[in-house]
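Given chain D's structure and the hints, the job is docking chain R onto it.
So the protein sequences, as listed, match chains D and R. Its first residue numbered 268, the first sequence is counted upward by one per residue in our numbering. Its first residue numbered 363, the second sequence is counted upward by one per residue in our numbering.
Calculated directly from the structure, the hints in this document are not laboratory data. The structure displayed is predicted, hence computed values, not measured ones. Treat each hint with caution, since some may be false.
Okay, the calculated beta carbon distance ranges per label pair [said to hold, decoys possible]: (1) D:G503 - R:N439: 24 to 34 Å; (2) D:D527 - R:I498: 22 to 32 Å; (3) D:I541 - R:L522: 18 to 28 Å; (4) R:L517 - D:S444: 34 to 44 Å.
Chain R stretches covered by chain D per the calculated footprint, using a threshold of three residues with CB under 8 Å from any CB of chain D [unchecked claim]: (5) 487-495; (6) 507-514; (7) 611-618; (8) 621-632.
We treat Cβ as the ideally placed atom computed from N, Cα and C, and that holds for glycine.
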Amino acid sequence: MAMDLLTPADGLEPSAPSERSRAFKRFWRHPMGKIGVIGLLFIILFSFVGPLIYRVSPDATNLLYLLTPPSVKFPLGTDELGRNYLARVMVGGQLSLIVGFASAFATMLIGIAYGLISGYAGGYVDVVMMRIVDIMLTIPGLFILLLLDAMFSPSAFVLVFIIAFTSWFGVSRLVRSEVLSIKQRDYVEAARAFGASSWHIMTRELLPNVMGTVMVASTFQVAGAIITIATLSFLGLGLPPPTPNWGELLNASMSYMYQDAWWMIYPPGICLLITMLSFNFISEALQGVLDSRR
Amino acid sequence: MVFRFIVRRILEAIPSFIGICILTFLLLHLVPGGPAQAAIGPHYSAAKVAALNRALGLNKPLYTQFWIWFTHLLEGNMGTSYVYNQPVLKVIGNALPHTLELVVVAIIVSHILAVIIGTIQGYYRNTWFDHAVTTISFFFWSMPLFWLGILMVMLFSVDLGWFPSGGISSPTAVNPGLGSYVAHTALPVATLVLSTVATWMRYMRSSMVDSMVQDYVRTARAKGVSELRVVFKHALRNSLLPLITLLGLSIPALFAGALVIEEIFNYPGMGLLFWTSAFARDYPVLLGITVVVGVLTILGNLLADILYSLVDPRIQYR
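Next up, chain D with everything else stripped away, as it sits in the complex:
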């Protein structure tokens, strides 16, 4: 393929992998990066491996133990139906994390594609495309989400797309502004002079160079998506029953505040907090690493 001749950068940069590993080392040496990764690993293990080790059904009711505080038999107590709360909190993370990652992925795909096209095309196309983003950004996403959610009562799969549909605007704007500055650089001009197609320039020249920005943005997106799902479930919408999730558990726990059922209020919240802190730490460390490279 003639196009392959246009990508000498791949072969001419023997330092590329080692630079990547250096960046990773620097990321790992960043205290926040390390804490973030460990925190995230803990949450993933807790939610996905935990139920394999602690083999108790999260749905089995036990009418002799309604709303009991933590004990040896029930490490995190029981809920209003006598269900084992530890098992429920563990399983509750699974859907939150899967849907969170999936919708962040979908969000990034839409946002990157839109930003690339808008920035690359320039001119009127860019003006119109960014105008649409401006309009969308003035509507609080949560209101639209709540609406769509109430109207469709979506499955987890559809919810991924609904969240992606309401949260890609920021990403597209970010990518577009990066593209605007990158497309003036010499190597892009050179590729264009060689007669490279727009597709080639967008995917091979522009995309790799916005990846740093994209990575930082994606950590925010995952965190945001997980919070969004939890918030929707907390508001009584969001993920369909019967599988529990953290937001829904917190929603249920609100009814038992006056019975002082603290074991129902803290664990799901702490899990969410650890997840959010981990992502925020990771993005902070990523930003630090990327900044020092500039």
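Only chain R this time, still in chain D's reference frame:
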């Protein structure tokens, strides 16, 4: 010059407004089920639905419906709530002041706190104070808003009994008085402030760190201006600029936050109204609230831009 800039910004806001109207309208009407069915409830029949559709004008083509709705909107007529059987404007008008009160008080308190703490933090950067505040703000920044709300109720209402857990004033008192209102607003406002101030403080800090190394700060110091004046006059004034932009940008988030908080504290504002209307499929109210929030956001951004142009001497009016 400033005047022309302001006029141009206002003209630019008009397409945004029309865009919001089209979007919300489409979203709500490209839905299965339909509003008539929801209004009648479980005992609907085809004839009843058809009759109600005719009465509400829902059988006309979509663009006609939009045009009717849009012209009515410009006249201040947002239709009638299916649930409350009252004009939407009145239903929203009852709830809006409560939300505005929540959001405006939260914005003011957050700004004051963010400016004070962020300034001190930026000035004493990389000291134990800076690190401690950064750590705390990371926690509040990462904390899910609804969980924070629940914890506030648990601590200050259930355990300590200092504040009521919900509502807007004491339901038993004949004339609740201002004290009761303030007590009922304290926890919702505090929750919204805690969640907002963490982000704003971080911006304020980094903006302050940037200003402290600028030439005008060095010049002021060289002239022998007292350190307090350097920080609070020369550096602070320039550090405030990003915060103004941030204010405009965070309005949608503040309304979203108010929605969650109103649900937790059973606070009868626009968020709670939207939430109950979403379950009832009260389309006119949902449409109305989305438009109102959109318009308030546009106005907020406009205000932020104008404020910015007045404060920053460097800005160019094209």
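Outcome, coverage of the segment 507-514 of chain R by chain D - at least 3 residues whose beta-carbon is closer than 8 Å to one in that chain: holds (count 5)
Given coverage of the segment 621-632 of chain R by chain D, tested with a Cβ cutoff of 8 Å and a minimum of 3 residues: holds (count 4)
For the segment 487-495 of chain R, does the count of residues with a C-beta closer than 8 Å to a C-beta of chain D reach 3? That given contact is violated, which follows from only 0 residues of the segment 487-495 of chain R lying within Cβ reach (below 8 Å) of chain D.
Is the coverage entry for the segment 611-618 of chain R by chain D consistent with the three-residue Cβ rule at 8 Å? Our answer is that it holds, as 4 residues pass the Cβ test (under 8 Å) against chain D, meeting three.
Verify the CB-CB distance for D:I541 and R:L522 against the hinted window 18 to 28 Å. The hint (18 to 28 Å, Cβ to Cβ) holds, given that D:I541 and R:L522 are roughly 27 Å apart.
Within 34 to 44 Å or not, the Cβ separation of R:L517 and D:S444? holds (43 Å)
Taking the Cβ atom of D:G503 and the Cβ atom of R:N439, is their distance within the range 24 to 34 Å? holds (31 Å)
A range of 22 to 32 Å was offered for this pair. Does it hold for the Cβ distance of D:D527 and R:I498? holds (27 Å)
The structure fails to meet hint 5 from the earlier list, while all remaining hints are met.
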